[in-house]
Amino acid sequence: MTTDFFAIDGSLAEEERAVRDSVRRFVEAHVLPIIGTCYVDGRFPRELVGPLAELGVLGANLPETYGCAGLNNVAYGLIMQELERGDSGIRSFASVQGALVMYPIFAFGSEEQKRHYLPKMAAGEIIGCFGLTEPDFGSDPGGMLTTARQDGSRGWVLNGAKMWITNGSMAQVAVVWAKTGDAEHSIRGFLVPTDTPGFTAKDQKGKLSLRASDTSELVFQDVRLPADAILPLSGGLKSPLLCLTQARYGIAWGAMGAAMACFDEAVAYSKTRVMFGRPIGGFQIQQARLADMLTEIVKGQLLALHLGRLKDAGTATPQQVSLAKRNNVSVATDIAREARRLLGGNGILAEYGAMRHMENLESVYTYEGTHDIHTLVLGQAITGLDAFR
Amino acid sequence: MKIAVCIKRVPVMDRRFTIAPGGTTIDEVGLAYDVNDFDLWAVEAALRLKEQVGTGEVVVLSLGPDVVQEQIRKALSMGADRGIHLQAASVGADDLPVARALADALRDGGYDGIFLGRLAVDRANGVTGPVIAELLGLPCVTAVSKLEIANGRGRAQRELEGAQEIVEFPLPAVITVDQGLNTERLPTLKGIMGAKKKPLEVRPVTLDAPRVTVRRLALPPERIGGRIIGEGVGAVPELVRLLHDEAKVL
Ligand SMILES: Cc1cc2nc3c(=O)[nH]c(=O)nc-3n(C[C@H](O)[C@H](O)[C@H](O)COP(=O)(O)OP(=O)(O)OC[C@H]3O[C@@H](n4cnc5c(N)ncnc54)[C@H](O)[C@@H]3O)c2cc1C
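Read top to bottom, the protein sequences are chains U and X. Our numbering puts the first residue of the first sequence at 1, with every later residue one more than the last. Our numbering puts the first residue of the second sequence at 1, with every later residue one more than the last.
Do not rely on the hints blindly, as some may be mistaken.
[Claimed, not checked] Capping the alpha-carbon separation at 27 Å, the derived lysine-lysine pairs in DSSO-like fashion look like this: (1) X/Lys248 - U/Lys114; (2) X/Lys196 - X/Lys50; (3) U/Lys114 - X/Lys190; (4) U/Lys238 - U/Lys271; (5) U/Lys114 - U/Lys238; (6) X/Lys196 - X/Lys2; (7) U/Lys120 - X/Lys196; (8) X/Lys50 - X/Lys248; (9) X/Lys197 - X/Lys2; (10) X/Lys197 - U/Lys120; (11) U/Lys202 - U/Lys120; (12) X/Lys50 - X/Lys190; (13) X/Lys2 - X/Lys248; (14) X/Lys146 - X/Lys2; (15) U/Lys120 - X/Lys146.
[What the hints assert, rightly or not] To spell it out: a stretch of chain U is covered by chain X in this simulated footprint if at least three of its residues, at any positions, have a beta carbon under 8 Å from a beta carbon of chain X; those stretches are: (16) 9-21; (17) 46-59; (18) 67-77.
Since the hints were derived computationally from the structure, they do not count as laboratory data. Even glycine gets a Cβ: it sits at the ideal position worked out from N, Cα and C.
Extracted from the complex, chain X is given alone in its bound form:
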């Protein structure tokens, strides 16, 4: 069982974001970075599959500047076998060139599965996985919350609005992982030390010119304070009316 996992370096979300001068990027001062959560669950899924089968290889790929090697090493410290750094000066807003570069790196890898997160929490486009599948001509199953793989076939559960869908597919396939599939393991201290000794191959890539660019970035408007409409049972009719007419949630 040979599985590739594509991971992205993203800012940790519990910080307060500000927009950098120029208005098209966020200010990176004071931010911390980590592997995208959904990608961590994809790494975990790959590791569990390898452990369940007993043999195989988990290969982690990340595209971006040299700093993404930190995120690759995190996946290695969790137990992935080797890493591939697709070296590019920056990652723009157009996902197609990124997916192309990843697909090129994956094409001849002989992978039984290609795992990604459902989306990256920084830009939330969620298209990289499906585009890779398209470029490689592979079946694609998105937003997987349960996964079983046996005898060259996969069976996955997808969460839909108010329903669940069970799908089956042949391998190789591209799978994007949703919340709920698993909880990722913590890197152990030995794992962290061991990761430094695992192979990490650097391959420079040239991305196609982006056709999508960010023109303007804006923060959400300041939240306005709450409103007290009354107290006790007497206030309920007015509350219901506002929820219905103003907030339009009823």
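Chain U on its own, in the form it takes in the complex:
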């Protein structure tokens, strides 16, 4: 049984399939053998950063002139799918590095910033993190308290705190969003080397989800930055939101990867686990479970692929990305839970993937715009009425 029930493979170009197959083989060889232990130990496998960079997955849809692979958006999506088939934490690392740090440098940075950072980030020599969320401002980042004030010499002084920052403790550079005035439109992006005095990062302990990922709290206390630390083309809350649209697009694919991993595991288990004298897959209840899972996977794949084609054509809207992220993550959480249940007692073990994916996907459900927030985005698109204000 394969998850490609609708022969979607045939709609992929040769190099898109080649990219997917390479990343899948990489994940099978390097991620799957260690990820269960990493998860239990609460450790991001840093040793994979170099090999992932060598494979070319970091910022893979950015141009070759900056040392990236220059892939289209569908190929990029397939990379995210395959990484998350391994673990949402690995995909999160790549999402943040590529879509939330390299992308804003590419889109809002000066030529000098691009030349300095992008090739080294593609090579995994510099790891980045993205600081938008604050302890008191999650879904409503426009209310942020972090400030960047210009000092006498036209440099910047950064003060404030960010929370839930993926890659935060291991990053060499942070893209920090801060207000340069009082209003929302004064929000600008800054490139902050994490060894700047006044910058501290603290690992967030006690996570029961995304345990194989670095999630940290950042504090800035009079962090002094040169004038050229600002991303010159960033302006207003729409800049970080544009980055999030990139990352969310990848998540719509990634969630399907996690769902496929759960489905494959459940199918294999249903055929070998014998109860009442026959494989449990022979009972109607488990067959219904599997049929529902497969149906949602096929729908989610088609959604992601079509969105990718729209994105490659340059016509995808943020609202379409919201719909895909909202749907695909939501169905993936259900699929993971049903897979876990099908596995019985074994389903709670780290030796199997279902519960790890199930727990991970709860973070994915919440970050990059919670499910509810995307509901409101769609509600506004449908009715023209804004529920936020």
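Since the structure of chain U is already known, use the hints to place chain X with the ligand on it.
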């Protein structure tokens, strides 16, 4: 160091195969294709040799319909320098015409080495390499699991049943690669994009009429379920007797 590698497009083996109507071919619906595993190790061996010497060229050849260009491009994405597609509508069951067409394409290429897999996993004949060597009058070393090349000579280890054989030979030579020689590298994403820009020459070929044809293809009989002969230590004598008398493995 100029090395040619002959690669074959074969179905990926983890699928369930069915026989097509007519009974002489497999049903291709739902199958995925890839480079034959043994050929991937041959490509890897050629790339490592080129990297070790520091200069040279790795040329990949594949014979078949246009779809084999996908497999050539995979080898290019791993790092091979250029490809030659010997264009033929189909590849039959007779390996001699195939080996002849490959030998003709290789003859004047000035290759120091011609690498192939020990066998193709689809038909498992394993004769293409030796026949090419014969046609070109070159030394042939089959089923190589270790390979060193220096100063125009090669030294190879071959796996025999319960033993190993070390052979030496002059270049140029034909080498067929066995499992264990190496693990092939994954195409990097830049490699995949770069492969599209590498030269891929298409040469139409006419194959000699096949003298071997497939008359009938049959799937192995359904496996019958296991048999429980008893439990614990008491069952051991009966198990040994069955393994000896019935299964004849002892
Ligand atoms: C593992 C992990 C990694 C993360 N990585 C990063 C990162 O790298 N960088 C970064 O900047 N942030 C990151 N985040 C933060 C993430 O984006 C926020 O958690 C998310 O935006 C939600 O914010 P919050 O947690 O403050 O929840 P809140 O905004 O407080 O939401 C609480 C609940 O209220 C609901 N809600 C909020 N507003 C409304 C409304 N108007 N109507 C109806 N319901 C509403 C929400 O849907 C939710 O159910 C990460 C989070 C996690 C868990």
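Hint check:
About 70 Å separates the Cα atoms of X/Lys248 and U/Lys114, which puts this hinted pair outside 27 Å; it is violated. For a cut-off of 27 Å, the pair hint linking X/Lys196 to X/Lys50 stands: about 21 Å separates their Cα positions. Using a Cα cut-off of 27 Å, the hinted pair U/Lys114 and X/Lys190 holds, with the two alpha carbons roughly 19 Å apart. With a C-alpha separation of about 49 Å, the suggested pair U/Lys238 and U/Lys271 falls outside the 27 Å cut-off, and the hint is violated.
Restraint check for U/Lys114 and U/Lys238: the C-alpha separation of about 20 Å stays at or below 27 Å, so the hint holds. Proposed proximity of X/Lys196 and X/Lys2 is supported: the alpha carbons are some 22 Å apart, at most 27 Å. Of the supplied pair hints, the one linking U/Lys120 and X/Lys196 holds, its CA atoms being roughly 25 Å apart against a limit of 27 Å. Only pairs whose Cα atoms come within 27 Å are accepted, and X/Lys50 paired with X/Lys248 is rejected, the gap being roughly 48 Å.
For the hint pairing X/Lys197 with X/Lys2, the CA-to-CA distance comes to about 20 Å; that is within 27 Å, so the pair holds. The straight-line distance between the Cα atoms of X/Lys197 and U/Lys120 is roughly 25 Å, inside the 27 Å bound, and the hint therefore holds. For a cut-off of 27 Å, the pair hint linking U/Lys202 to U/Lys120 stands: about 24 Å separates their Cα positions. Taken as a hint, the X/Lys50 and X/Lys190 pair is honoured in the structure, with Cα atoms around 20 Å apart against an allowance of 27 Å.
Distance restraint check for X/Lys2 and X/Lys248: the Cα-Cα separation of roughly 50 Å exceeds the 27 Å cut-off, and the hinted pair is therefore not satisfied. Under the criterion of a C-alpha separation no larger than 27 Å, the hint pairing X/Lys146 with X/Lys2 is consistent with the structure, at around 19 Å. Between U/Lys120 and X/Lys146 the CA atoms are separated by roughly 37 Å; this puts the pair beyond 27 Å, and the hint is violated. Residues of the segment 9-21 of chain U with a Cβ under 8 Å from some Cβ of chain X number 5, which satisfies the need for three, so the listed coverage holds.
With 4 residues bearing a CB less than 8 Å from a CB of chain X, the segment 46-59 of chain U meets the requirement of three and the coverage assertion stands. For the segment 67-77 of chain U, the assignment as covered by chain X holds, since 4 residues bring a beta-carbon within under 8 Å of that chain's beta-carbons and 3 suffice.
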